[in-house]
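Listed in order, the protein sequences are those of chains X and F.
Residues 0 to 191 (numbering that gives the first Met the number 0) make up the first sequence, in order.
Residues 0 to 172 (numbering that gives the first Met the number 0) make up the second sequence, in order.
If you are wondering where the hints come from, they were derived from the structure by calculation, not from laboratory data.
It cannot be assumed that every hint is accurate.
[Said to hold, decoys possible] Taking lysine to any residue pairs in the SDA-like style, the calculated list, with each CA pair at most 20 Å apart, reads:
1) X:69 with X:154
2) X:65 with X:163
3) F:6 with X:135
4) X:182 with F:5
5) F:6 with X:7
6) X:131 with F:47
7) F:6 with X:173
8) X:131 with F:17
9) X:131 with F:12
[Claimed, not checked] Label-pair restraints from in silico Cβ distances:
10) F:50 with X:153: 27 to 35 Å
11) X:20 with F:51: 44 to 52 Å
12) F:62 with X:62: 35 to 43 Å
13) F:1 with X:121: 49 to 57 Å
14) F:21 with X:137: 26 to 34 Å
15) F:31 with X:65: 16 to 24 Å
16) X:138 with F:53: 52 to 60 Å
17) X:137 with F:52: 22 to 30 Å
18) F:60 with X:64: 31 to 39 Å
19) F:43 with X:121: 33 to 41 Å
Source: prediction; values computed, not measured.
All residues carry an ideal CB built from backbone N, CA and C; glycine is no exception.
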Amino acid sequence: MSNGLTNGDGDLLRSSSRGDEAAFLVFYRRHQARVYRFALQMSGQPEIAEEVTQDVFMVVMGSSQKYDPKRGSITAYLYGVARNFVLRRLEQERCYLTALDDPESEFADIAADDHDTLRDLTRNERIESLRKAVLALPPAYREVVVLCDLLELDYAEAATALDCAIGTVRSRLHRARALLTEKMRAEERCAV
Amino acid sequence: MNDNELKLLEGLRCLAADGPREAPASVEHRLVGELRRRSRVRRRNRWLGLGAFGAIAATLAVTLWIRTAPVDQKPTLARSQAPIAVKAAEPQPPAAVAPAYERGAEVAINFYPLPDADELPPIESATIVRVQLPMSSLRLMGLPVTEDRAAEFIQADMLLGQDGLARGVHFVR
Numbered sequence: 000m001s002n003g004l005t006n007g008d009g010d011l012l013r014s015s016s017r018g019d020e021a022a023f024l025v026f027y028r029r030h031q032a033r034v035y036r037f038a039l040q041m042s043g044q045p046e047i048a049e050e051v052t053q054d055v056f057m058v059v060m061g062s063s064q065k066y067d068p069k070r071g072s073i074t075a076y077l078y079g080v081a082r083n084f085v086l087r088r089l090e091q092e093r094c095y096l097t098a099l100d101d102p103e104s105e106f107a108d109i110a111a112d113d114h115d116t117l118r119d120l121t122r123n124e125r126i127e128s129l130r131k132a133v134l135a136l137p138p139a140y141r142e143v144v145v146l147c148d149l150l151e152l153d154y155a156e157a158a159t160a161l162d163c164a165i166g167t168v169r170s171r172l173h174r175a176r177a178l179l180t181e182k183m184r185a186e187e188r189c190a191v
Numbered sequence: 000m001n002d003n004e005l006k007l008l009e010g011l012r013c014l015a016a017d018g019p020r021e022a023p024a025s026v027e028h029r030l031v032g033e034l035r036r037r038s039r040v041r042r043r044n045r046w047l048g049l050g051a052f053g054a055i056a057a058t059l060a061v062t063l064w065i066r067t068a069p070v071d072q073k074p075t076l077a078r079s080q081a082p083i084a085v086k087a088a089e090p091q092p093p094a095a096v097a098p099a100y101e102r103g104a105e106v107a108i109n110f111y112p113l114p115d116a117d118e119l120p121p122i123e124s125a126t127i128v129r130v131q132l133p134m135s136s137l138r139l140m141g142l143p144v145t146e147d148r149a150a151e152f153i154q155a156d157m158l159l160g161q162d163g164l165a166r167g168v169h170f171v172r
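So that you can see chain F by itself, here it is in the shape it has in the complex (with noise of 0.2 Å):
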């Protein structure tokens, strides 16, 4: 190293003792009143975001509550001897289809439960036939049927469970 170089290198360490060696303490105010700010600004978007997703979680619980939800369509029988409101597409009369079905409707069936019904197990998926009684066969019902009618038969609809045991009975005419 000559001469010119060892003077270079005193010049540069004098430089580098040389002047201010610290920012002013305006940059740290300014420094922290940003953090601050920036503290402010996410806490603000942290309770915003609680709230979106509050408030995404309230109506997909919504959402799935309306769709599942809706009144149970099996067919159930009461305990009692009130009829029973069953949602069910009509069943196919024997000869043609009705109208409402070929439709795809629902229409609603109070079904009258059957002695000893209730001592079945529950109904889990259920079929709708439509038989031919005869006319007597209301007063198992506790209807009352006079003798001459007794022979004649009446249309109904029979409500069968998934063992094939019928639970109940609703009457078309």
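The following block holds chain X by itself, in its conformation from the complex (with noise of 0.2 Å):
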């Protein structure tokens, strides 16, 4: 796990945080992608991961002093404010399942735009199918998934952006991978 701040985050946070604009582009454009990547693939609605991103980066020019770097990363502590913020849109939509049922999906679209030979077909129609079964998963294990599959944390960083204990991180990662090869298996079943 990486500590505290790193690269003069934490520099650039207080600056942000005071108003300095040029400071906060640095931090924003260093750590922008990671969030709305995971807001994204938590939600799987573009709309939602910009408004997440938005609040996410207000919170940080709001104040630094919301950050402790005794706790843990910066990452860690940006995905944890982004999950709050993801958790509570979902729950004010009721849009768990929206994505999955939602045959315009932006994902779909992007899929359907760029490729046209039939491996790639099938290779997207794989990657969607898997994307629509972590969308499907319970947020408790989608969030393990989302940041130690998709977006590579580490167990540590995970367990710190979750607010939970390490071990709690392993055994719904690993009951997640395994609803995940089941979901994989049947639909696969389903095809043949």
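Assembling the complex is the task here: the two chains are given apart, and the hints tell you how they should meet.
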């Protein structure tokens, strides 16, 4: 697990909260992709991902004192803030399964737009199928898959972001993978 | 790790690499706009805060000045022969308490400095004593007194300093 702040993140945070635009932009550009991808993979909806990214960095520009380096890395902190916003948004909109039922999903559009070959189609279908399976997981399992398998955080950082024990992350991840494997096998059986 | 798990991990790797990787530029534009707005608000609040602090400080200063600036009530003697105006409780007559004294009212008394009084130390605390003086003592003040009345007595208030020495006199009648 990386310690607290890296490469001047602490200075950037403090300057950002004082209104330093240049510092804020450096910090934003350094971390926005992680936050956006986490929100997108958790929600399956680009609109929510945009709003969550915006909300997370609003928090950052509001006060640097909310982040305690002793509790974990800045990345874990940002994921933790993003997670709270995502879950709140999903709770508000009650749309956990919307993306699964939406044939016009942006990911489906992206997949269909760019690839023509049968092989790529099959591959994209598999990815899309897996994406839907991930989005269908209960939030507690989904977030460990997103953090550990998709965003490649280590268990300790994921535990910090999720505010739980490392053992909990391991067990949830194990269970989530089992659910995904089962889901994918079931789909393969249906396809055959 | 069995084949299904390996396939799953491979699929997850593909999923991780798929899709948009960054937030749209519009998010950055909105955030920068918000940051500028907050900076403006912060600057405005800072000036408002400074203004409020200045107003409070000025009010406190004026209040303190009003409380501490009133005319020094310690009687003082002028070095000239001009009468001195002193605010003091009217001294108690020997027989009865005067109405003004009962009410605790202040009256202005003009004291004539006594000869050589200006050579005494400045008055820090004063006492006013009502006495009877011979009319002839008015001559010390440079006032004319006829011989036929020189033996009469006149009521006067003596202004005594903290050392008990008389600094001034006020003739009552």
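Hint-by-hint comparison with the structure:
no. : hint                        : verdict
1   : X:69 with X:154             : holds, 17 Å
2   : X:65 with X:163             : holds, 19 Å
3   : F:6 with X:135              : holds, 19 Å
4   : X:182 with F:5              : holds, 15 Å
5   : F:6 with X:7                : violated, 39 Å
6   : X:131 with F:47             : violated, 53 Å
7   : F:6 with X:173              : holds, 15 Å
8   : X:131 with F:17             : holds, 13 Å
9   : X:131 with F:12             : holds, 15 Å
10  : F:50 with X:153: 27 to 35 Å : violated, 52 Å
11  : X:20 with F:51: 44 to 52 Å  : violated, 27 Å
12  : F:62 with X:62: 35 to 43 Å  : holds, 37 Å
13  : F:1 with X:121: 49 to 57 Å  : violated, 22 Å
14  : F:21 with X:137: 26 to 34 Å : holds, 28 Å
15  : F:31 with X:65: 16 to 24 Å  : holds, 21 Å
16  : X:138 with F:53: 52 to 60 Å : holds, 53 Å
17  : X:137 with F:52: 22 to 30 Å : violated, 54 Å
18  : F:60 with X:64: 31 to 39 Å  : holds, 35 Å
19  : F:43 with X:121: 33 to 41 Å : violated, 60 Å
Checked against the numbered hints given earlier, the structure breaks hints 5, 6, 10, 11, 13, 17 and 19 and satisfies all the rest.
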